[in-house]
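Heads up: the protein sequence lines correspond to chains A and B, in order. Under our numbering, think of the first position of the first sequence as -1, with each following residue one higher. Under our numbering, think of the first position of the second sequence as -1, with each following residue one higher.
For the record, the hints were derived by calculation from the structure and aren't laboratory data. Incorrect hints may have been included.
Since the list gives no way to pick one copy over another, a pair counts as held whenever it fits inside one copy or between any two copies.
[What the hints assert, rightly or not] The calculated DSSO-like cross-link candidates involving lysine-lysine, where the alpha carbons are at most 30 Å apart (straight line), are:
no.: 1; residue 1: K385; residue 2: K355
no.: 2; residue 1: K355; residue 2: K93
no.: 3; residue 1: K93; residue 2: K245
no.: 4; residue 1: K355; residue 2: K371
no.: 5; residue 1: K371; residue 2: K120
2 protein chains.
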Amino acid sequence: MFTIPAGYTFSAVSAGFKYTGRNDLSLIVSECPAHAAGVFTTNRFQAAPVVKSRTSLDRSPMARAILVNAGQANACTGDEGLMLCDKTRIMVGEKLGMAPEDILVASTGVIGDQLRMDLWEKAVPELVDALGHCDALDMAKAIMTTDTFPKVVSKTVSLEQGEIRLLGMCKGAGMICPHMATMLGFVICDAQVEDGWWAESLRAAVDVSFNAITVDGDTSTNDCILALANGASGVCALSAQDKRLLKAALIDLCQDLAFRIVQDAEGGTKVLRIAVSGARSKGQAEIVARVVGHSPLVKTALYGQDPNWGRIVAAIGRSGADFNPDEVSVALGDTVIFQKGQPVDGDWDSILAPVLKRDEINVQISLGSGRGKYELLASDLTEEYIKINAQYRT
Amino acid sequence: MFTIPAGYTFSAVSAGFKYTGRNDLSLIVSECPAHAAGVFTTNRFQAAPVVKSRTSLDRSPMARAILVNAGQANACTGDEGLMLCDKTRIMVGEKLGMAPEDILVASTGVIGDQLRMDLWEKAVPELVDALGHCDALDMAKAIMTTDTFPKVVSKTVSLEQGEIRLLGMCKGAGMICPHMATMLGFVICDAQVEDGWWAESLRAAVDVSFNAITVDGDTSTNDCILALANGASGVCALSAQDKRLLKAALIDLCQDLAFRIVQDAEGGTKVLRIAVSGARSKGQAEIVARVVGHSPLVKTALYGQDPNWGRIVAAIGRSGADFNPDEVSVALGDTVIFQKGQPVDGDWDSILAPVLKRDEINVQISLGSGRGKYELLASDLTEEYIKINAQYRT
Chain A
-1 MFTIPAGYTF SAVSAGFKYT GRNDLSLIVS ECPAHAAGVF TTNRFQAAPV
49 VKSRTSLDRS PMARAILVNA GQANACTGDE GLMLCDKTRI MVGEKLGMAP
99 EDILVASTGV IGDQLRMDLW EKAVPELVDA LGHCDALDMA KAIMTTDTFP
149 KVVSKTVSLE QGEIRLLGMC KGAGMICPHM ATMLGFVICD AQVEDGWWAE
199 SLRAAVDVSF NAITVDGDTS TNDCILALAN GASGVCALSA QDKRLLKAAL
249 IDLCQDLAFR IVQDAEGGTK VLRIAVSGAR SKGQAEIVAR VVGHSPLVKT
299 ALYGQDPNWG RIVAAIGRSG ADFNPDEVSV ALGDTVIFQK GQPVDGDWDS
349 ILAPVLKRDE INVQISLGSG RGKYELLASD LTEEYIKINA QYRT
Chain B
-1 MFTIPAGYTF SAVSAGFKYT GRNDLSLIVS ECPAHAAGVF TTNRFQAAPV
49 VKSRTSLDRS PMARAILVNA GQANACTGDE GLMLCDKTRI MVGEKLGMAP
99 EDILVASTGV IGDQLRMDLW EKAVPELVDA LGHCDALDMA KAIMTTDTFP
149 KVVSKTVSLE QGEIRLLGMC KGAGMICPHM ATMLGFVICD AQVEDGWWAE
199 SLRAAVDVSF NAITVDGDTS TNDCILALAN GASGVCALSA QDKRLLKAAL
249 IDLCQDLAFR IVQDAEGGTK VLRIAVSGAR SKGQAEIVAR VVGHSPLVKT
299 ALYGQDPNWG RIVAAIGRSG ADFNPDEVSV ALGDTVIFQK GQPVDGDWDS
349 ILAPVLKRDE INVQISLGSG RGKYELLASD LTEEYIKINA QYRT
């Protein structure tokens, strides 16, 4: 079903942090030290596991394991939260015979509560015992919160020396759900890589995948992507061409995972692919894509299958990007409905009805003749989103 | 009921632009030339009446009338739209014996359609005949679109020389509804003022009122505030103290009107008063207030009467403002629930239940010990908003 990179084992158990009848504590272990890279939330409030994983990676770009709990975010928990986070690494490290700082950590769940150490103490021995008796899908299920399906993708790259394998998993349904914070992604790979290159490739992949999606425009205190590459494939000394192929596969993998997050957006019914081109720079294209992708009016219109170009045009106009209104065109699907600053005549309700029924809708915006372009995946906005988020805690 | 400034008459008739059984074309006329000021949308796509009114005010700061239609926005209509806009001013100007450029214009309604000149030709004579037979409330009703109630406020300022009167009206329910674009506001006053001072006072009043509210974060192609001051009160040569009083009344009037827009927000059930203080500058405070006020997660939580401080804190953290997380405090009503970067213990669900039931909720955010502060009024976000906006055109 999924191709698993060599040299990794998984575990998932039920600790009862928040959920009952499902696993909520999980672990990936690499049989040998792996080159590790991470991309973390830019939120000024950073959860304890974010602080701890970042610090470990700053000190050494090698790691052995990733430990994840769902149900408690360990965010806004002060010094005690940091101390308890360390304790969980020590507990797991002792059982595994690893230094605590070799274990990267990630949490998702309710903000503000301290970790329930009694539950950890009970669960950690079971967690370590279960290593190797679980597969990647078990783990992907154990990291879910409001997700409606687990998100796992694998890729294989064939090189002259042999095959290398990548596997990624993530959770996330609202871009953030601070009481269930939030987006987490893990990538494992069995190639032998160089630290700097691996970190830089992860950053590049995240930029065009997890950083290019939006559900509600929020960024949580817990967002992080961690990536390990352990060399267990035996394929080493990658050539420049090999690296290009591996990087392309990593980007592909991250984009597939990011797509699944938008697909599983809270209450969402559609994935909107907002492609802006002809901008004066990539940054200008991104501004427009984000304003359109965050506009509640655009998102509700497309949910309602309404070819309401006026809302898209108004969002472009207020974005703050620099362009000439007379050069702006907008297409839904492949049909241009607004061209050179003016509406194109047509019975769009009937012509576009089949396009707007789809699960994935392309919104193409051209701002002019510049070279800047950017693509953003966004969800639509529905009554169900309101329901989920207005009633989350009750 | 309302105190009407001296020297103004109103008219409102039914032209049938979009609505049936209600008035949709209206007019305010000043008996003598009035000092006129305007604040217009910053959207790059500007409706024809915005372009025309702005041009008139650039040429001369005097005007005699404001002509408003509801149902057709005359936005994204190109050169023909500009020409037809001029025609409407010529038609009304001929009947009134005024130069077209003395008539300021504002439109709200469906974007992209050209004005129905046949309807204008039929309605304009009736409109001019009805002058003086209508009151301010008739006019406030005629400028409504998705509004559920008319919005009129009057103020009287007592000076040594006598009384001066201000009356304002506005429409707006979504901050923008591009197919029903959008927010319009009109202020009339019978003081004798100086051009520069009047324009500058209007700008200051708009900054702390109409520019300090948000429903869905959108800014339409048609937003404008127009203000006339005709001197008909006989009160002239205002002293510095008189000006301060008049400016304070103008600010008060605009804030009252702006509050009503948020109160009437599409699908909204609550007005959120988001007050940020202790920021390093006013601009920094504004950034935080806007990110919190636009956050769908904050807006749905408060709709759901959920004291979910985690969502407020996460929005502050991702705002991009510069502050020390350990100095941040958040209060709902007057109750501090997050202090110095950490949650305050308490059974907030029960303690805050009475506060969260109210129609107006104060969200107080302190970022530290800086002097920067900003206050924003925001609506909550409800299933009804989605319903209105997903089904708007059908």
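Consistency of the hints with the structure:
1. K385 x K355: For K385 and K355, both the intra-copy (23 Å) and inter-copy (17 Å) Cα distances are at most 30 Å.
2. K355 x K93: neither (53 Å within a copy, 50 Å between copies)
3. K93 x K245: Result: close neither inside a copy nor across copies, 34 Å intra and 72 Å inter.
4. K355 x K371: Close inside one copy (26 Å), not across copies (46 Å); limit 30 Å.
5. K371 x K120: Neither. Shortest intra-copy (51 Å) and inter-copy (49 Å) distances fail the 30 Å Cα cut-off.
In the structure shown, a violation is registered for the earlier hints numbered 2, 3 and 5, in ascending order.
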